[in-house]
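The task is simple: from the sequences and hints, build the whole structure.
Protein chains in written order, with my numbering: chain A, 29 to 406; chain B, 29 to 406; chain C, 29 to 406; chain D, 29 to 406.
Source of the hints: derived by calculation from the structure; they are not laboratory data. Heads up, a few of these hints could be off.
One copy or two, it doesn't matter: identical chains are merged, so the pair holds either way.
[Stated by the list, open to error] Derived pair list, reagent style DSBU-like, types lysine-lysine, alpha-carbon separation capped at 30 Å:
hint, residue 1, residue 2
1, Lys-341, Lys-285
2, Lys-186, Lys-61
3, Lys-336, Lys-250
4, Lys-293, Lys-186
5, Lys-341, Lys-293
6, Lys-61, Lys-71
7, Lys-336, Lys-293
8, Lys-71, Lys-285
9, Lys-293, Lys-250
10, Lys-186, Lys-250
11, Lys-250, Lys-338
12, Lys-357, Lys-71
13, Lys-71, Lys-293
14, Lys-61, Lys-339
15, Lys-341, Lys-71
16, Lys-357, Lys-339
17, Lys-357, Lys-341
18, Lys-336, Lys-128
19, Lys-357, Lys-336
20, Lys-61, Lys-338
21, Lys-338, Lys-293
Protein chains: 4
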Amino acid sequence: MKTPSNYLTIRITLIFLIIAGSLNAQDINRIVKNDYSRSSDRKILHIPDIQGYETLKGDFHMHTVFSDGHVWPESRVMEAWREGLDVIAITDHIEYRPHKDHIVSDHNSAYEVAREKALAQNIILLRGTEITRDMPPGHFNALFIDDVNPIENEDPMKQLEEAARQGAFILWNHPGWASQQPDSTIWWDMHTEILDNGWMHGVEVSNSGEWYPIVLDWCREKELTVFSNSDIHAAIDFDYDLSLANAHRPMTLVFAKDRSQTGVKEALFSRRTLGFFGNQLVGPENLILDLFNASVIVNTPFMESERKGKKVKHIELENPTDLTFILVKDEENGKNKDLIELNPHSEIIIIIPANEDTANYRLVNCWSGSNDHPVVRF
Amino acid sequence: MKTPSNYLTIRITLIFLIIAGSLNAQDINRIVKNDYSRSSDRKILHIPDIQGYETLKGDFHMHTVFSDGHVWPESRVMEAWREGLDVIAITDHIEYRPHKDHIVSDHNSAYEVAREKALAQNIILLRGTEITRDMPPGHFNALFIDDVNPIENEDPMKQLEEAARQGAFILWNHPGWASQQPDSTIWWDMHTEILDNGWMHGVEVSNSGEWYPIVLDWCREKELTVFSNSDIHAAIDFDYDLSLANAHRPMTLVFAKDRSQTGVKEALFSRRTLGFFGNQLVGPENLILDLFNASVIVNTPFMESERKGKKVKHIELENPTDLTFILVKDEENGKNKDLIELNPHSEIIIIIPANEDTANYRLVNCWSGSNDHPVVRF
Amino acid sequence: MKTPSNYLTIRITLIFLIIAGSLNAQDINRIVKNDYSRSSDRKILHIPDIQGYETLKGDFHMHTVFSDGHVWPESRVMEAWREGLDVIAITDHIEYRPHKDHIVSDHNSAYEVAREKALAQNIILLRGTEITRDMPPGHFNALFIDDVNPIENEDPMKQLEEAARQGAFILWNHPGWASQQPDSTIWWDMHTEILDNGWMHGVEVSNSGEWYPIVLDWCREKELTVFSNSDIHAAIDFDYDLSLANAHRPMTLVFAKDRSQTGVKEALFSRRTLGFFGNQLVGPENLILDLFNASVIVNTPFMESERKGKKVKHIELENPTDLTFILVKDEENGKNKDLIELNPHSEIIIIIPANEDTANYRLVNCWSGSNDHPVVRF
Amino acid sequence: MKTPSNYLTIRITLIFLIIAGSLNAQDINRIVKNDYSRSSDRKILHIPDIQGYETLKGDFHMHTVFSDGHVWPESRVMEAWREGLDVIAITDHIEYRPHKDHIVSDHNSAYEVAREKALAQNIILLRGTEITRDMPPGHFNALFIDDVNPIENEDPMKQLEEAARQGAFILWNHPGWASQQPDSTIWWDMHTEILDNGWMHGVEVSNSGEWYPIVLDWCREKELTVFSNSDIHAAIDFDYDLSLANAHRPMTLVFAKDRSQTGVKEALFSRRTLGFFGNQLVGPENLILDLFNASVIVNTPFMESERKGKKVKHIELENPTDLTFILVKDEENGKNKDLIELNPHSEIIIIIPANEDTANYRLVNCWSGSNDHPVVRF
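Following this line, the structure appears as structure tokens:
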């Protein structure tokens, strides 16, 4: 009858079955066990496509042993594959190669070493590099280039010019990095010059553990593409605990016409990206709203009832994605009771006045400017 | 009064506090977030010392980009430090260096690159190498050597001779590896010759995901030291999910007179080691028993009662360590009801006849031979 | 430049931000913290609908304090809501009510206490009960009844008759329960009589931690509906660690024309159910195949290459659901290398001969009979 | 040679072994599986004893179905046992019993129902109750009483008087509870009267998800014992995710002369307690310091080196407990770089000037007053 006295019955565990098996007929030559081993498959990141575009997951900034990273280039492909990314760029420093006593290479080697693995894993691998200078102008990634070697040059402006000549997409990295801009995140005259020359197309709004809200405003004003990149140097799992619920590396969502290098390039130049780090989404308002609408399902009310003498309706909101949305009613001041938290793969029930057809909610974990949250209506 | 109607109150979360803060006075230059980041500390592995010896945690087989591994040598030190290991050997292949087009080194380089980091993290780093030959004789690790380079030689016997000449401790790696001994785990004549020459002192009873019970018998018969090593090539967290409860890499426990390279060497040559992989401990019976006795606390009975007309006493067993012990009463046949599972950092209550002073239990997850479980009495 | 020397930089943690905040302007009246608290939302269980039917998740066997369970009836609704279930039945024992000294009720009380909560959470709550007798005939659940009280009777046959008179769907519970059928899982003459009378419509193929493969054969032969139920007595989280990857309670998948009590009843009488426990799916072959086809995406090959002189193609298989499918090529003998493991929310790459159009795979973690695995072709 | 091409080798999993076994010789009568089931053992909470006292873990505030809780009283014992608690009090409301239509009891029943289970699990179970009144005076727990029934009375002062007459230890619950003291946490005249009458001995500084720093000051000024209690109504695992790293319910640490009801009573009346919630410890400074000193091991420096031209020494700090300590150098202003985070079961390395013998550190996650952190010196 499975009464409370069963509480302490010792579990009949799998462990036992295995032991019992061993006792009877153990293979004494070789036993395969794989304790605590990870499965070697690719995680499906549930982030929906939006109208007309495929949503690709990208990381456009990472290092290998060929500059100051700690892993072999192929590892970057395998990590990306496992985590469900679609597109990556290996962007080793041109100017900083502390392992060069033991690593013999030109600046294309990391890409070339990883390329075959990327093909085999169906990962889009971009040839890239990081131009690594003091501030100003700081660090820049050049992507979609043909040959990194000619970009080595003492003059940073010449470097950017050469990258641009190769048709590169160029982004300014970690503009608010504490080591280079300790006090505040400044746009220097030199950046205006670079922008005017057509040598800067995007900027990192977030890099590893930092994010710079003011840079979102720059993106709007100066028509720059938004990036959130990992800038990973160690093995990815050394820095991130990806076993935590909803964990993922900082990444850039790319809304592309197709899943190809060409598709990514067109999307980046067309500024169709969002930064995705922690539970936050940052970038152009319309893309955030499109993604919210593609993600969240507002069901028809399943019940009506009365609360404090007023008719209310009960509604299920579903979020079957790996994104998080936190909503606050627009007219209200963010007091706790009005917070609606739509966690990944979760559903909640909200109760609203029966005569309320639609209402506005601010997405307080999403940012379209340093002080702006997109507003959804449903 | 916190009645059931509170069930659905939306949580007042930290997330809210942070958002609320942001709304009021967000720093728009730089926000530090570190979502999903791992803390950079060292795990304390609770494995007690035994009478007269410190219990050191070791891994004597691992690779870096200097042979066919995927990480820079310093990463091996940092991984070991994090996981609570005390001693490691980097043992890159002499004969197999697939990255040599880009890596310029002699056979001591990996050790030399990692040495400073090992000092800074207080990790004992042994100079080692893997002699990598077809079967027989297969692969051998040489540890505590002065110079790897002279060990490069076409003749494996000459290699072992040179290692021995340098005072090396030499172990045979993965003797039952499926690729080299697909059908059964065989001791070849060549191994007898090597042993007789004094060129083999230990052997891997377990390597990565494989374990070879018959090799435990060899250790007893031929007086070889027991090893369980990871043979890790990727970043450790790529292959193992160390966030799982009780997870750890395969390791060799070393019972040393002190925590030093000398202490480790003396202990290895004196055969004071146990293999620890999954929840299993394998090796000399006396060491397993010493470790059990240092780990498990049998409290005095806290209660007496009657069960089916017979007096019984209730006893708490405590296991405040990271080890697991699974016990079966010796006279019984391993039926489930008699299984006692002492999980890490756990306590259970057992109920035994009041007149029973001591009883024998087999440690069914510990092995002193291919068919032998140590028996404890309490 | 984020060099290796950054390895040990102490994390700038959220903890710090909060502390720093506290130091400056802590509210000394009340601070809300919610450490380790769980979010109060409903998990979306990703199990797709199949052609023409909604896939509902059900548990048709559970207890409360009104018999020998440990929780108040409303808790069963909240647990089910959280875990993403759609339909439950509270089935307290008629004959075994160990708490009756303190609980005053008739046999409908548990249902009545929970009903309002079920409405508020949009959970379909069935009125049910467990007829609790020695073997034969053992225990039976009656569902969809109007009034439990008249089912109290000394004669089990009269109990079943009364339940049937009320239009009940009746299932035999845990037919292989070790306490009642210790040696083998037997179908008694009395069960034939019950079946012939039309008083048995389904049977538990799995109950809590047990499953009975032979009962799957009975389901086929005797046209019985397949069930897998939790029979939970404690709080669900006391017995199950639902924080583990892919964890869920044992449940019965119901393929219903709509999400309503009527829909469930029609589906149960029409035998459209599967048992889902651990990573296993058991029940009618056609339903397993429909569910596989609704779950798994076989992409067109993304690459061709050569392996050992033969052309092969590389194909991504996606499983964006919470189900697991483990496949073995039909003609082969289950040797490890041929095992294809499609974990939840995962994707793998398989490599097959370029000229192979389709192949048969057995779903070795799915069972349509005690010895039968459905075969898929793709 | 375990080259990178092994990356994608499909895991040989335990799953396979089980399947393979099943294929050959499955028991078709009954298979035991226990997927996702929890082990039924008691967690050892590593919190060290301090000089002269045993450190007991207590929770002195919880509810059952006998008032407005959701579980049967025995469940409170089992939960406490599992989590490593030593002492609990079931404190059902006298005045609020929403289940009374179905629960027939006097006010001692919950205690009496749970007592036998407490004996069997070696948990110290106190007879208690919650006097449940509007503010003032709010809610009070009376512990160590002989009979709850006479405490039922319309006049709260009479209730407290009767409890005191029975020798009760009386604490004021959640003095800053938002529902009763929404704006600030006020000490009313009535509380002075109660205190002066000798009817209040302790107070909750923390209750479930709230903590009230100002109440720590009251404890110092008015010589009250510090409590942190769960006030749990649901099953504990419904409200807390105890599978998270370092998770535990809010609890009160009791420093007792022995592990007995008498020992606990003496310790409570002697004010030897600390509140422990999240990673915070709050209460008398001397107890926090004693606990810090019993927990943290400062090793002798293992290395000296130079940093920026100055000699420094490298020291390992070990914290082999389940407590957390976060330290900031006393003279400094809490800037991030000086934060030392000693997580549970972790070790860190600090680097300090070679000529620095000792330094002062504030324990910023520990509180001895609403604005006071104890300072340690090492």
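Against the structure, the hints come out as follows:
| no. | hint | result |
| --- | --- | --- |
| 1 | Lys-341 with Lys-285 | between (40 Å within a copy, 25 Å between copies) |
| 2 | Lys-186 with Lys-61 | neither (56 Å within a copy, 35 Å between copies) |
| 3 | Lys-336 with Lys-250 | neither (51 Å within a copy, 42 Å between copies) |
| 4 | Lys-293 with Lys-186 | within (23 Å within a copy, 57 Å between copies) |
| 5 | Lys-341 with Lys-293 | between (47 Å within a copy, 27 Å between copies) |
| 6 | Lys-61 with Lys-71 | both (23 Å within a copy, 24 Å between copies) |
| 7 | Lys-336 with Lys-293 | neither (56 Å within a copy, 36 Å between copies) |
| 8 | Lys-71 with Lys-285 | within (23 Å within a copy, 32 Å between copies) |
| 9 | Lys-293 with Lys-250 | within (19 Å within a copy, 62 Å between copies) |
| 10 | Lys-186 with Lys-250 | within (22 Å within a copy, 69 Å between copies) |
| 11 | Lys-250 with Lys-338 | neither (50 Å within a copy, 47 Å between copies) |
| 12 | Lys-357 with Lys-71 | between (34 Å within a copy, 24 Å between copies) |
| 13 | Lys-71 with Lys-293 | within (24 Å within a copy, 37 Å between copies) |
| 14 | Lys-61 with Lys-339 | neither (60 Å within a copy, 33 Å between copies) |
| 15 | Lys-341 with Lys-71 | between (38 Å within a copy, 22 Å between copies) |
| 16 | Lys-357 with Lys-339 | within (19 Å within a copy, 58 Å between copies) |
| 17 | Lys-357 with Lys-341 | within (17 Å within a copy, 52 Å between copies) |
| 18 | Lys-336 with Lys-128 | between (73 Å within a copy, 25 Å between copies) |
| 19 | Lys-357 with Lys-336 | within (20 Å within a copy, 54 Å between copies) |
| 20 | Lys-61 with Lys-338 | neither (62 Å within a copy, 33 Å between copies) |
| 21 | Lys-338 with Lys-293 | neither (54 Å within a copy, 35 Å between copies) |
Hint violations for this structure: numbers 2, 3, 7, 11, 14, 20 and 21, all remaining hints satisfied.
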